[in-house]
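With chain A held as given, fit chain B onto it using these hints.
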Amino acid sequence: MIHFLANPARFMRIGARVLPWCWAVAALGMGAGLWFALVSSPADYQQGDSVRIMYIHVPSAWMALAVYSLIALVSAMALVWKHPLGYLIGRAAAPLGTGFTVICLVTGALWGQTSWGTWWVWDARLTSVLILFFLYLGYMALASAFDDPDRGNRAAALLAIVGFVNIPIIKFSVDWWSTLHQPASVLRSGGPAIHPSMLTPLVLMAVGFAAYFLALLVLRVRAEIAGRKVAALMMASAMGGAGSNPARRERI
Amino acid sequence: MTMARPPRRALTAKRRRLYVLVAAAITLGGAAALVLNAFEDALVFFLTPTDLKTRAVPDNSMVRVGGLVEEGSLRKSGGGIEVRFAITDLTNRVEVRYRGILPDLFREGQGVVAQGRLGADGVFRASEILAKHDETYMPKEVADALRKSGRWKPGAKNQGAAPATGASP
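Sequence order for the protein chains is A and B. Residues in the first sequence are numbered from 1 upward in steps of one, following our numbering. Residues in the second sequence are numbered from 1001 upward in steps of one, following our numbering.
Looking at chain A on its own, in the form it has when it is part of the complex (with noise of 0.2 Å):
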């Protein structure tokens, strides 16, 4: 019980303190980065100007990924560790992550428009992505399905770590089976194949889609926290009058 009180207040505090830095960083990050990316780097000596779809891409897809990941790490956090704060920090992520997921198919569909020649291919990664796109799905849809949030909590998290399997897939897909997507050109044994010009819009978009991502999901994690306290609040006043519980409204 004390955990359960301490640990969120502690998140709002550091949370707090974050949030600016956050800001900062996703603004720079991905202000410089698209200037990069549309204005100061050169076309590829293949695909031409629409290598620049990447910049968007390829962050959004990194962020699928880790979002997942984080989703459920913070699942299994809760689940082994009966720690509220991590179904919270699921929940709140879940949106985001489904969020980047579409972002990364759209920009996909039309860069494969345009360098592959079609908009879409059953092949293992594009599909191992559209799975993690339905898990994400499924994630939002089982943890708000019961009437009783801790029910919906634990079948939402059970779900978010059987679907980790999903993520080395992803990843490896490319080196497992032949596909039509390429492998990885950063993460790669041997370095990036990619030319340091283009790498740096790249890289800054990366830790500007991320550092959004921070800031975006630490506001909701505090509205949330905020929010419990608010009815936590109401709840106490209605069944005890006003001002019954003074030290817990010292804490906010």
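Just to be clear, a hint being listed does not mean it is correct.
Claimed, not checked - Once the Cα atoms are required to be at most 20 Å apart in a straight line, the calculated SDA-like pairs of lysine to any residue come out as:
(1) 1014(B) to 158(A)
(2) 1076(B) to 1044(B)
(3) 171(A) to 1136(B)
(4) 1140(B) to 196(A)
(5) 171(A) to 1026(B)
(6) 171(A) to 1044(B)
(7) 1140(B) to 195(A)
(8) 82(A) to 1076(B)
(9) 82(A) to 1023(B)
(10) 1076(B) to 1104(B)
(11) 1014(B) to 161(A)
To be verified - For the chain A half of the interface with chain B, some residues (derived, Cβ under 8 Å), not all of them:
(12) 45
(13) 76
(14) 79
(15) 116
(16) 182
(17) 183
(18) 197
Honestly, the hints are just simulated from the structure, not real lab data. Just so it is clear, CB atoms sit at the ideal spot from N, CA and C, and this is done for glycine as well.
Leaving out everything else, chain B in the frame of chain A:
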């Protein structure tokens, strides 16, 4: 003495949940690996010309063949609509005929995936041509400089061979 018991029991409960979760994860991972291994044939997007030769691909069944467009094999006629070329994995090759518009990235020495049917005459009649590109990205000037200095080292392991060395269209 009695006070020491509840925390210890709580610890073992946590430990037990952790072990159960880890065991379940290992089992699930193993099961997934076995399933993916068993379905490997269904998970590959295309066959190589060698696969086409060594495997019993039923005549006139729809398959995809992938590899490199063989250097110097491209012939166009009928105003550029009738296309003939060969797909190679540098061991075997297969003749391809296609009628239609090629993707922009289609060029000799580059990766390609053709969907169609293999005729009894050994000629592959494609209904769809997709261009495949490798994971290397660089500006045109750098690519030209690398080619000029002879230090062209493509990382295209998934495509089997180096991109075109001559002037690409």
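Results for each hint:
{"no.": "1", "hint": "1014(B) to 158(A)", "result": "holds (16 Å)"}
{"no.": "2", "hint": "1076(B) to 1044(B)", "result": "violated (30 Å)"}
{"no.": "3", "hint": "171(A) to 1136(B)", "result": "holds (18 Å)"}
{"no.": "4", "hint": "1140(B) to 196(A)", "result": "holds (13 Å)"}
{"no.": "5", "hint": "171(A) to 1026(B)", "result": "holds (19 Å)"}
{"no.": "6", "hint": "171(A) to 1044(B)", "result": "holds (15 Å)"}
{"no.": "7", "hint": "1140(B) to 195(A)", "result": "holds (11 Å)"}
{"no.": "8", "hint": "82(A) to 1076(B)", "result": "violated (67 Å)"}
{"no.": "9", "hint": "82(A) to 1023(B)", "result": "holds (18 Å)"}
{"no.": "10", "hint": "1076(B) to 1104(B)", "result": "holds (15 Å)"}
{"no.": "11", "hint": "1014(B) to 161(A)", "result": "holds (17 Å)"}
{"no.": "12", "hint": "45", "result": "holds (4 Å)"}
{"no.": "13", "hint": "76", "result": "holds (6 Å)"}
{"no.": "14", "hint": "79", "result": "holds (6 Å)"}
{"no.": "15", "hint": "116", "result": "holds (5 Å)"}
{"no.": "16", "hint": "182", "result": "holds (5 Å)"}
{"no.": "17", "hint": "183", "result": "holds (5 Å)"}
{"no.": "18", "hint": "197", "result": "holds (6 Å)"}
Checked against the numbered hints above, the structure violates hints 2, 8; every other hint is satisfied.
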